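Using the hints, position chain R against chain Z.
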Amino acid sequence: AQSVSQHNHHVILSEAASLELGCNYSYGGTVNLFWYVQYPGQHLQLLLKYFSGDPLVKGIKGFEAEFIKSKFSFNLRKPSVQWSDTAEYFCAVGDASKIIFGSGTRLSIRP
Amino acid sequence: DSGVTQTPKHLITATGQRVTLRCSPRSGDLSVYWYQQSLDQGLQFLIQYYNGEERAKGNILERFSAQQFPDLHSELNLSSLELGDSALYFCASSVKGATQYFGPGTRLTVL
Chain Z
1 AQSVSQHNHH
11 VILSEAASLE
21 LGCNYSYGGT
31 VNLFWYVQYP
41 GQHLQLLLKY
51 FSGDPLVKGI
61 KGFEAEFIKS
71 KFSFNLRKPS
81 VQWSDTAEYF
91 CAVGDASKII
101 FGSGTRLSIR
111 P
Chain R
1001 DSGVTQTPKH
1011 LITATGQRVT
1021 LRCSPRSGDL
1031 SVYWYQQSLD
1041 QGLQFLIQYY
1051 NGEERAKGNI
1061 LERFSAQQFP
1071 DLHSELNLSS
1081 LELGDSALYF
1091 CASSVKGATQ
1101 YFGPGTRLTV
1111 L
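Chains as they are written, first to last, in our numbering: chain Z, 1 to 111; chain R, 1001 to 1111.
Don't take each hint at face value.
[Claimed, not checked] With the C-beta cut set under 10 Å, the calculated list includes, among others, these residues of chain R facing chain Z:
{"id": "1", "residue": "Val-1004"}
{"id": "2", "residue": "Ser-1031"}
{"id": "3", "residue": "Thr-1099"}
FYI, nobody ran anything at the bench for these hints, they're computed from the structure.
Computed from a prediction, not measured in an experiment: that's the story for all the values here.
Each residue gets a CB set at the ideal place from its N, CA and C atoms; glycine is no exception.
So here's chain Z without its partners, still in its complex pose (with noise of 0.2 Å):
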């Protein structure tokens, strides 16, 4: 069966802490990764995406994350974080016709 696990759910951190967030997958087929951003009463924004090629992809505000076929993870990375970042980041796996979204995990921030 395709799923998407995000384990945590929760995340609290002080500014310029590290920051990662989990990710595991199970999928037939090629896999098409994601991790989609949602700031507080906004739209869900792109990240980052992997489709192919090098496993450690690099997105927008300084994320980044890494594939690790044996694993079945897709962690997100981001080595300070800021205030701003306070958002609900969601994984996701898929292909032209779908894509299947992880639970979500919610990211609060201390400033």
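Structure of chain R alone, referenced to chain Z:
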């Protein structure tokens, strides 16, 4: 701004009523996707249209229907509304491949 537009932004209606949500995809995008986001269910894929034809179906209730018109805009029709249908409804579009760009959403409140 993703280039995907949705109207209306907010909708308040009563149980048993019918509403129509509208989505205009990014210029050149042929695929339109509809999602429902609620606190208890998270982000759920409802349905996808590609160039006017239904391409994929997710957890869409029989009371809900959608269509995509020749100008590529799409409408999501929700009928016999129940309290539990209160949610954010997002539309997304893509030209080809899996990257989807999300609109700002319509917040539906059923009283």
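Hints violated by the structure (numbers, ascending): Failing hints: none at all.
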